[in-house]
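Chemist: All letters in the sequence shown, in the order written, are residues 63 to 490 by our numbering.
Source of the hints: derived by calculation from the structure; they are not laboratory data.
In this text the structure is predicted, and so the values were computed from the model without any measurement.
Worth double-checking, as some hints may not be accurate.
Restricting the straight-line Cα-Cα distance to at most 35 angstroms, the calculated cross-link-like pairs of lysine-lysine (DSBU-like) are [claimed, not checked]: (1) Lys325 / Lys127; (2) Lys325 / Lys270; (3) Lys305 / Lys69; (4) Lys426 / Lys461; (5) Lys156 / Lys144; (6) Lys461 / Lys270; (7) Lys325 / Lys69; (8) Lys73 / Lys482; (9) Lys305 / Lys482; (10) Lys73 / Lys127; (11) Lys156 / Lys122; (12) Lys332 / Lys305; (13) Lys270 / Lys482; (14) Lys125 / Lys156; (15) Lys73 / Lys270; (16) Lys305 / Lys270; (17) Lys144 / Lys125; (18) Lys177 / Lys127; (19) Lys332 / Lys73; (20) Lys122 / Lys426; (21) Lys426 / Lys270; (22) Lys305 / Lys73; (23) Lys156 / Lys127; (24) Lys426 / Lys482; (25) Lys270 / Lys122; (26) Lys332 / Lys144; (27) Lys156 / Lys305; (28) Lys461 / Lys482; (29) Lys461 / Lys69; (30) Lys461 / Lys73; (31) Lys305 / Lys177.
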Amino acid sequence: MGDFVVKVRLKYGFDEVCAEVPAENFAGILDVEDVAGCGDPVGEVRRSIASPINTPPVSKIVKGKGKIVVVVNDHTRDTRTKEILGGLFAEIGKAGVPRENVTIVFGCGTHRNVKEEEARRILGEEIWSRYEWVNHDCDGEAVFLGETSFGNRVYINALVAEADVKILTGHITFHYYAGYTGGRKSILPGVSARETILFNHGMMFHPKARSGVLEGNPVHLDMVEAARLARPDFIVNVVQNTKGEVFRAFSGDFEAAFIEGVKVVDRVYKAESEEVDIVLLSAGGYPKDIDFYQAYKAIDNVLPIVREGGSIVFLAECRDGAGHEVFYNWMRRRLSVDEMERMLQEEFTLGGHKAYYLARALEKVRIFMVSSMPSEELERVFGVIPVETADEGLREALKRAGRNARVKVVPYGTAVLAVKRAERESSR
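With these hints in hand, go ahead and build the complete structure from the sequences.
Modeler: See below:
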């Protein structure tokens, strides 16, 4: 490396490591604002509910109604459901609704059921013990609502379909192919039938089906049409910081409130950059890099700014290894991207989709990885190049890219979505 270097500190597991980027190659640091939690998440939820976007107050919506369902995220999402429901149920209580009228539905999509102890943790002791809750079964009783313009036949959970009032909850962040979580996702995939979910997820291969993109994204648009057929009455969505703390809540119409939340996510977590040859990337330390399955999101988030044939030097401890059996097995089989795509189109498989994204990333870039995982496993199973240190990875990447290569540093890869400057205005 050259005589002059820029020293950067990056999180790795519970530690920090120092890396040196040659000054002549350094293209800056891509970072996000460290937003503080609101301090009173229940109060923030109640504030948003008191000023709903494009709907009457929820207390008026539920007053005098019979069966009310509240759809919540399952165990696969780190949503502050307890705080959301605490604020929501306080407002519903103003309308004198008996709690026996309220059923909480875990929007499991095609995931396994939420276990008793998980439900207790997600809902909190008081809500778990006082309210009825059920798991959505994508192979259970469903009601046909109609067909989307994409040809998707929409079947949703019968309990939800037949409820007098439908309230959706969740959190908004980036999603690999739906663009963002939250909003319409509580209906599809949340409480939809397997047939409906698989049709929708089969559009994940469209070029517009990617993180941070709504405009022209068929996965998102199909979800919106399905949710319109379900006619939800009210939504409460939150935006969380990198620690998982709520800092904003949005309530009201399921489309309008969702879009307002998306604007905040974009403002805080999207960062523009020119295209570069190399990204020096940290997943952000523990727990973001607890395993490869979780840490991969950082790679996906920076891919848009790495040129074809470029390199990512990736720091992710992965103390729990691969982190997902299906993800590991699909990668171990060394399937081609085309083979994975065909398998996912036949049946969407959680974990298989992550293997597909990693395999696709490896078609575009080389990945040099600093990890506690065995080097042979990294190379033979996952197709990445193991290195001992970030500096070693940078040296190897610079050898391939040449002396004029540009290196961008991304310290919190799972939080930031890197966007090429020309693309930012066309994402919605």
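Chemist: Does each hint fit the structure? Answer for all of them.
Modeler: Hints versus structure:
{"no.": "1", "hint": "Lys325 / Lys127", "in the structure": "holds (33 angstroms)"}
{"no.": "2", "hint": "Lys325 / Lys270", "in the structure": "holds (19 angstroms)"}
{"no.": "3", "hint": "Lys305 / Lys69", "in the structure": "holds (26 angstroms)"}
{"no.": "4", "hint": "Lys426 / Lys461", "in the structure": "holds (18 angstroms)"}
{"no.": "5", "hint": "Lys156 / Lys144", "in the structure": "holds (19 angstroms)"}
{"no.": "6", "hint": "Lys461 / Lys270", "in the structure": "holds (34 angstroms)"}
{"no.": "7", "hint": "Lys325 / Lys69", "in the structure": "holds (34 angstroms)"}
{"no.": "8", "hint": "Lys73 / Lys482", "in the structure": "holds (25 angstroms)"}
{"no.": "9", "hint": "Lys305 / Lys482", "in the structure": "holds (26 angstroms)"}
{"no.": "10", "hint": "Lys73 / Lys127", "in the structure": "violated (51 angstroms)"}
{"no.": "11", "hint": "Lys156 / Lys122", "in the structure": "holds (9 angstroms)"}
{"no.": "12", "hint": "Lys332 / Lys305", "in the structure": "holds (17 angstroms)"}
{"no.": "13", "hint": "Lys270 / Lys482", "in the structure": "holds (15 angstroms)"}
{"no.": "14", "hint": "Lys125 / Lys156", "in the structure": "holds (9 angstroms)"}
{"no.": "15", "hint": "Lys73 / Lys270", "in the structure": "holds (32 angstroms)"}
{"no.": "16", "hint": "Lys305 / Lys270", "in the structure": "holds (29 angstroms)"}
{"no.": "17", "hint": "Lys144 / Lys125", "in the structure": "holds (23 angstroms)"}
{"no.": "18", "hint": "Lys177 / Lys127", "in the structure": "holds (30 angstroms)"}
{"no.": "19", "hint": "Lys332 / Lys73", "in the structure": "holds (20 angstroms)"}
{"no.": "20", "hint": "Lys122 / Lys426", "in the structure": "violated (53 angstroms)"}
{"no.": "21", "hint": "Lys426 / Lys270", "in the structure": "holds (17 angstroms)"}
{"no.": "22", "hint": "Lys305 / Lys73", "in the structure": "holds (14 angstroms)"}
{"no.": "23", "hint": "Lys156 / Lys127", "in the structure": "holds (13 angstroms)"}
{"no.": "24", "hint": "Lys426 / Lys482", "in the structure": "holds (16 angstroms)"}
{"no.": "25", "hint": "Lys270 / Lys122", "in the structure": "violated (39 angstroms)"}
{"no.": "26", "hint": "Lys332 / Lys144", "in the structure": "holds (28 angstroms)"}
{"no.": "27", "hint": "Lys156 / Lys305", "in the structure": "holds (32 angstroms)"}
{"no.": "28", "hint": "Lys461 / Lys482", "in the structure": "holds (25 angstroms)"}
{"no.": "29", "hint": "Lys461 / Lys69", "in the structure": "holds (19 angstroms)"}
{"no.": "30", "hint": "Lys461 / Lys73", "in the structure": "holds (25 angstroms)"}
{"no.": "31", "hint": "Lys305 / Lys177", "in the structure": "holds (25 angstroms)"}
The structure fails hints 10, 20 and 25 (numbered hints given earlier, in ascending order).
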